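There are 2 protein chains.
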Amino acid sequence: MNKAPGVVHLVGAGPGAPDLITLRAARLLAQADIVFYDALVHPDTLALAERAEKIAVGKRCGKHSTLQRFINKRLIDAARKHAVVVRLKGGDPMLFGRAQEEIDALRAAGIRCEVVPGVTAALAASAELQISLTRRGMSRNVTFVTPRVGAGEEASDWIKSICNADTAVMYMAAGQSSAIAAKLIDSGLTADVPVVIVENASLPGMRQTATTLGELQDTTECLTHGGPALLMIGRVFAQAKSAEHPLVDQAVVQEAVAAALSA
Amino acid sequence: MNKAPGVVHLVGAGPGAPDLITLRAARLLAQADIVFYDALVHPDTLALAERAEKIAVGKRCGKHSTLQRFINKRLIDAARKHAVVVRLKGGDPMLFGRAQEEIDALRAAGIRCEVVPGVTAALAASAELQISLTRRGMSRNVTFVTPRVGAGEEASDWIKSICNADTAVMYMAAGQSSAIAAKLIDSGLTADVPVVIVENASLPGMRQTATTLGELQDTTECLTHGGPALLMIGRVFAQAKSAEHPLVDQAVVQEAVAAALSA
Numbered sequence: 001m002n003k004a005p006g007v008v009h010l011v012g013a014g015p016g017a018p019d020l021i022t023l024r025a026a027r028l029l030a031q032a033d034i035v036f037y038d039a040l041v042h043p044d045t046l047a048l049a050e051r052a053e054k055i056a057v058g059k060r061c062g063k064h065s066t067l068q069r070f071i072n073k074r075l076i077d078a079a080r081k082h083a084v085v086v087r088l089k090g091g092d093p094m095l096f097g098r099a100q101e102e103i104d105a106l107r108a109a110g111i112r113c114e115v116v117p118g119v120t121a122a123l124a125a126s127a128e129l130q131i132s133l134t135r136r137g138m139s140r141n142v143t144f145v146t147p148r149v150g151a152g153e154e155a156s157d158w159i160k161s162i163c164n165a166d167t168a169v170m171y172m173a174a175g176q177s178s179a180i181a182a183k184l185i186d187s188g189l190t191a192d193v194p195v196v197i198v199e200n201a202s203l204p205g206m207r208q209t210a211t212t213l214g215e216l217q218d219t220t221e222c223l224t225h226g227g228p229a230l231l232m233i234g235r236v237f238a239q240a241k242s243a244e245h246p247l248v249d250q251a252v253v254q255e256a257v258a259a260a261l262s263a
Numbered sequence: 001m002n003k004a005p006g007v008v009h010l011v012g013a014g015p016g017a018p019d020l021i022t023l024r025a026a027r028l029l030a031q032a033d034i035v036f037y038d039a040l041v042h043p044d045t046l047a048l049a050e051r052a053e054k055i056a057v058g059k060r061c062g063k064h065s066t067l068q069r070f071i072n073k074r075l076i077d078a079a080r081k082h083a084v085v086v087r088l089k090g091g092d093p094m095l096f097g098r099a100q101e102e103i104d105a106l107r108a109a110g111i112r113c114e115v116v117p118g119v120t121a122a123l124a125a126s127a128e129l130q131i132s133l134t135r136r137g138m139s140r141n142v143t144f145v146t147p148r149v150g151a152g153e154e155a156s157d158w159i160k161s162i163c164n165a166d167t168a169v170m171y172m173a174a175g176q177s178s179a180i181a182a183k184l185i186d187s188g189l190t191a192d193v194p195v196v197i198v199e200n201a202s203l204p205g206m207r208q209t210a211t212t213l214g215e216l217q218d219t220t221e222c223l224t225h226g227g228p229a230l231l232m233i234g235r236v237f238a239q240a241k242s243a244e245h246p247l248v249d250q251a252v253v254q255e256a257v258a259a260a261l262s263a
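Chain order of the listed sequences is U and W. Start counting the first sequence at 1; every next residue gets the next number (our numbering). Start counting the second sequence at 1; every next residue gets the next number (our numbering).
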């Protein structure tokens, strides 16, 4: 029991499609002894971890700090038993992924930790929409933000960051989209600012809804269907259209995953 | 000569390390008939395109609009000859990659186009620093921005976006870092705001310089050595340290690339 502890790899699983994971992440999964994975990780991504024990530590929206402490402890315990521990997170670990708590806990326990970046959902959505987040002549900056509607004085920070950005992408926001639109219009954005809501970016069930802040404010029905969704705002989205489509060629996805598995 | 045109894939090559490309991108490179690549793409990434004709269309900072029109034309011509055309761009195509001009030109010519997202440099830098861009309790948003120092009234937009963000990452900025720091302090940020400059994120020659806005304003020497660099600003970077280090395990990189090539 005195052997050196293993390494914990905090790995971005990418936006959803299993072939949008990095080569490094795929190799680490193939080598992993144990994988702790989030709720939104695709089964075909998990399948890359052929020889690993796989443990769901599902939580969405990062609300459960007790659960977070429990995850930290499990990662430390796993590193004391296994050489290659993978903590697999949807998207990129360092963007709204609560990676820092895990990194800090591992460091405090003397466990080595590495972070493997991933493709974040906003970039996958932009790719599928074929709309650049920083279209030349229209947008020179983009902000990624999690809004917090009705949370007192701290709430104003997210509004300022959006109102002062050329393009804004909100994560974990679609459920509050009407209230968010109202806040942004109250804060000076005009009702005609284009909005597109993208659900399940990069997955066959991807759905995009093009609208404006004004329409969104008046929309009482829920515009998403339970999948992870982004609220994207800015002039660049004026050309976005509503659509529901299997944009992803599943044969290509399967082939890439099979190749990675057999490599 | 009447066969249907091919597909042009605008592909993100990721931040630099060849194993931080996606599985989808690696498969497309392996299938490509012809690849047009940017100056910053790693040779081992290009090597994934085993059977393709490889054409450098190097430009940095996207300054040459004549060159951009020339690239557009070459992509269209290539799609009329080849089934699989890859346009390989550093980082992610939709973030400061001028992908939109190419997408629009291809559409106008009736050529089908697909975009494959990539890991953007800011996320690779965050991973190597092991500092989350959205550390809980400290940052709920991050802005990605290209500054434009001394470009008249339009210049103020980038300053506003940074001053109203919890965390900011500037691309293509390191060469003007002293002037940028001065502008931000003039605009109300305090001199003690932490800054880290990350050059060659994810590559063996990665270098990180931790400083503050005040120090940066007074620094006349150039803090980078010609590699692509990010200027990262915000409270989350208070724990950053200066370092010059081969953080990347080259053996692991080589193994992943070899596996992808043989798949």
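Just so you know, these hints were derived from the structure itself, not from any lab. Be aware that one or more of the hints could be misleading.
Stated by the list, open to error - Covered, in the sense of this in silico footprint (three residues per stretch, anywhere, with C-beta under 8 Å from a C-beta of chain U), are these stretches of chain W: (1) 21–28; (2) 185–194; (3) 203–217.
As the list claims (entries may be wrong) - Beyond 12 Å from chain W on every Cβ pair, some chain U residues (computed): (4) V57; (5) D92; (6) G118; (7) E128; (8) R135; (9) M138; (10) R207; (11) D218.
Said to hold, decoys possible - Stretch by stretch, here's where chain U covers chain W in the computed footprint (C-beta under 8 Å, at least three residues): (12) 72–85; (13) 164–172; (14) 221–229.
Please read all numbers here as calculations on a predicted model, not as lab measurements. Cβ atoms here follow ideal geometry from the backbone N, Cα and C, with glycine treated the same way.
Now for the hints, and whether the structure bears them out:
1. Coverage of the segment 21–28 of chain W by chain U holds [criterion: at least 3 residues with CB-CB distance below 8 Å; count 6].
2. Counting residues of the segment 185–194 of chain W whose CB falls under 8 Å from any CB of chain U gives 0; the rule of at least 3 is not met.
3. Using a Cβ-Cβ cut-off of 8 Å, 0 residues of the segment 203–217 of chain W lie near chain U, which falls short of the minimum of three, so the contact claim is violated.
4. The Cβ of V57(U) sits about 17 Å from the closest Cβ of chain W, beyond the 12 Å cut-off, so the non-interface label holds.
5. With a cut of 12 Å on Cβ distances, D92(U) falls inside the contact zone with chain W, its closest approach being about 5 Å.
6. Against chain W, the non-interface label of G118(U) is violated: not every CB pair exceeds 12 Å, the least being about 6 Å.
7. The beta carbon of E128(U) is not kept farther than 12 Å from every beta carbon of chain W, the shortest such distance being approximately 7 Å.
8. Against chain W, the non-interface label of R135(U) is violated: not every CB pair exceeds 12 Å, the least being about 5 Å.
9. Its closest Cβ contact with chain W, about 9 Å, brings M138(U) to no more than 12 Å, contrary to its assignment away from the interface.
10. Separation of R207(U) from chain W is adequate, the least Cβ-Cβ distance of about 18 Å exceeding the 12 Å criterion.
11. No beta-carbon of chain W is positioned within 12 Å of the beta-carbon of D218(U); the least distance is around 26 Å.
12. For a cut-off of 8 Å, the count of residues in the segment 72–85 of chain W with a CB near a CB of chain U stands at 0, and the three-residue condition is violated.
13. Remark: the segment 164–172 of chain W is confirmed as covered by chain U, as 3 of its residues place a Cβ nearer than 8 Å to a Cβ of that chain, reaching the required three.
14. Counting residues of the segment 221–229 of chain W whose CB lies closer than 8 Å to any CB of chain U gives 0, which falls below the minimum of 3, so the coverage claim is violated.
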